[in-house]
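Going down the list, the protein sequences come from chains A and B.
Numbering follows this note's numbering, with no gaps: position 88 of the first sequence is 88.
Numbering follows this note's numbering, with no gaps: position 15 of the second sequence is 133.
Among the hints, erroneous ones may be present.
Once the Cα atoms are required to be at most 27 angstroms apart in a straight line, the calculated DSS-like pairs of lysine-lysine come out as [said to hold, decoys possible]:
id, chain 1, residue 1, chain 2, residue 2
1, A, Lys70, A, Lys113
2, B, Lys159, A, Lys96
3, B, Lys184, B, Lys173
4, A, Lys70, A, Lys55
5, B, Lys159, B, Lys184
6, A, Lys96, A, Lys113
7, B, Lys173, A, Lys96
8, A, Lys110, A, Lys96
9, B, Lys182, B, Lys132
10, A, Lys113, B, Lys159
11, A, Lys73, A, Lys55
12, A, Lys96, A, Lys78
13, B, Lys184, B, Lys132
14, A, Lys113, A, Lys73
15, A, Lys96, B, Lys182
16, B, Lys159, A, Lys73
17, A, Lys70, A, Lys96
18, A, Lys110, B, Lys159
19, A, Lys73, A, Lys96
20, B, Lys184, A, Lys78
21, B, Lys132, A, Lys110
22, B, Lys138, B, Lys173
23, A, Lys113, A, Lys78
24, A, Lys78, B, Lys159
25, A, Lys110, A, Lys78
Treat the hints as calculated values from the structure; they're not laboratory data.
Take a look at the letters that make up each chain.
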Amino acid sequence: AQTVTQSQPEMSVQEAETVTLSCTYDTSESNYYLFWYKQPPSRQMILVIRQEAYKQQNATENRFSVNFQKAAKSFSLKISDSQLGDTAMYFCAFMKYSNQGGSEKLVFGKGTKLTVNP
Amino acid sequence: GAVVSQHPSRVICKSGTSVKIECRSLDFQATTMFWYRQFPKQSLMLMATSNEGSKATYEQGVEKDKFLINHASLTLSTLTVTSAHPEDSSFYICSAADRFHNEQFFGPGTRLTVL
């Protein structure tokens, strides 16, 4: 069974600064996907960034980037130029590759509550 | 982008009654839908996975007879909480996926309060 661990229950950062959220996972799968989701106070789950395990290049989406270390089973999220709207819960998630296409179930970490201070 | 809706957004019911929550994929065919439960300040817990036209697969510890899931079409799945009790009060979230994308699209969630 896969597990996802987020060791930082809460973090805070000043507006415009950079913050890194940690995530480690455990799996015996060789093909899989990793995700970071944001859940603001509205509780709508929003995909921030995804990484395919077979890709060595770290994924980047505007101010969001990841540091994917496959051997170490680590998948951290870096938020640059933090904005007040980044205040939310952030969940790291694992999904194994589906041979049939489509989506397998997501395994979530416990989340990190990020507060961006003005 | 892919849009998933949930109805109702919030519901209050009396103990012992049944409540149905709908999850719809608005602009794509959802071959698989997932139902999650989230308690305050906690992570999402997967309850069950449903494939269109098949019986749902429930996670360990989830009561099949209490949480009835139906996925009768490629755009609609329903979760019925039968004989609801106060401990069933929670935030229920659905997600949907098609066969082409390795990604789930989430609904906005339903807040259930059982009095």
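Hint by hint, here is what the structure shows:
For the suggested pair A:Lys70 and A:Lys113, the alpha carbons sit about 25 angstroms apart, so the restraint of at most 27 angstroms is met. With a C-alpha separation of about 26 angstroms, the suggested pairing of B:Lys159 with A:Lys96 holds against the 27 angstroms cut-off. Between B:Lys184 and B:Lys173 the alpha-carbon distance is near 15 angstroms, which keeps this suggested pair within the 27 angstroms criterion. Taken as a hint, the A:Lys70 and A:Lys55 pair is honoured in the structure, with Cα atoms around 10 angstroms apart against an allowance of 27 angstroms.
Taking the CA atoms of B:Lys159 and B:Lys184, the gap is near 24 angstroms; set against the 27 angstroms cutoff, the hint holds. For the given pair, A:Lys96 sits about 25 angstroms from A:Lys113 by alpha-carbon distance, which is consistent with the 27 angstroms threshold. The hinted pair formed by B:Lys173 and A:Lys96 meets the criterion: a straight-line CA distance of about 22 angstroms does not exceed 27 angstroms. Note on A:Lys110 and A:Lys96: the hinted pairing holds, with a Cα-Cα distance of about 18 angstroms set against a maximum of 27 angstroms.
For the hint linking B:Lys182 to B:Lys132, the alpha-carbon distance of about 21 angstroms falls within 27 angstroms, and the restraint holds. This hinted pair checks out: A:Lys113 and B:Lys159 have alpha carbons roughly 9 angstroms apart, not beyond 27 angstroms. About 14 angstroms separates the Cα atoms of A:Lys73 and A:Lys55, which keeps this hinted pair within 27 angstroms; it holds. Using a Cα cut-off of 27 angstroms, the hinted pair A:Lys96 and A:Lys78 holds, with the two alpha carbons roughly 23 angstroms apart.
Pair hint B:Lys184 plus B:Lys132 holds up; C-alpha atoms about 16 angstroms apart against a cutoff of 27 angstroms. With a CA separation close to 22 angstroms, the supplied pair A:Lys113 and A:Lys73 stays within the 27 angstroms bound. Under the criterion of a C-alpha separation no larger than 27 angstroms, the hint pairing A:Lys96 with B:Lys182 is consistent with the structure, at around 25 angstroms. With a C-alpha separation of about 26 angstroms, the suggested pair B:Lys159 and A:Lys73 falls inside the 27 angstroms cut-off, and the hint holds.
Between A:Lys70 and A:Lys96 the alpha-carbon distance is near 14 angstroms, which keeps this suggested pair within the 27 angstroms criterion. For the hint pairing A:Lys110 with B:Lys159, the CA-to-CA distance comes to about 9 angstroms; that is within 27 angstroms, so the pair holds. At most 27 angstroms may separate the alpha-carbon atoms for a hinted pair to count; A:Lys73 and A:Lys96 meet this at roughly 14 angstroms. The straight-line distance between the Cα atoms of B:Lys184 and A:Lys78 is roughly 41 angstroms, outside the 27 angstroms bound, and the hint therefore fails.
Under the criterion of a C-alpha separation no larger than 27 angstroms, the hint pairing B:Lys132 with A:Lys110 is inconsistent with the structure, at around 31 angstroms. About 17 angstroms separates the Cα atoms of B:Lys138 and B:Lys173, which keeps this hinted pair within 27 angstroms; it holds. Under the criterion of a C-alpha separation no larger than 27 angstroms, the hint pairing A:Lys113 with A:Lys78 is consistent with the structure, at around 14 angstroms. Restraint check for A:Lys78 and B:Lys159: satisfied, since their Cα atoms lie roughly 22 angstroms apart, inside the 27 angstroms limit.
Proximity of A:Lys110 to A:Lys78 is assessed by CA-CA distance (about 18 angstroms); at most 27 angstroms being required, the pair is judged to hold.
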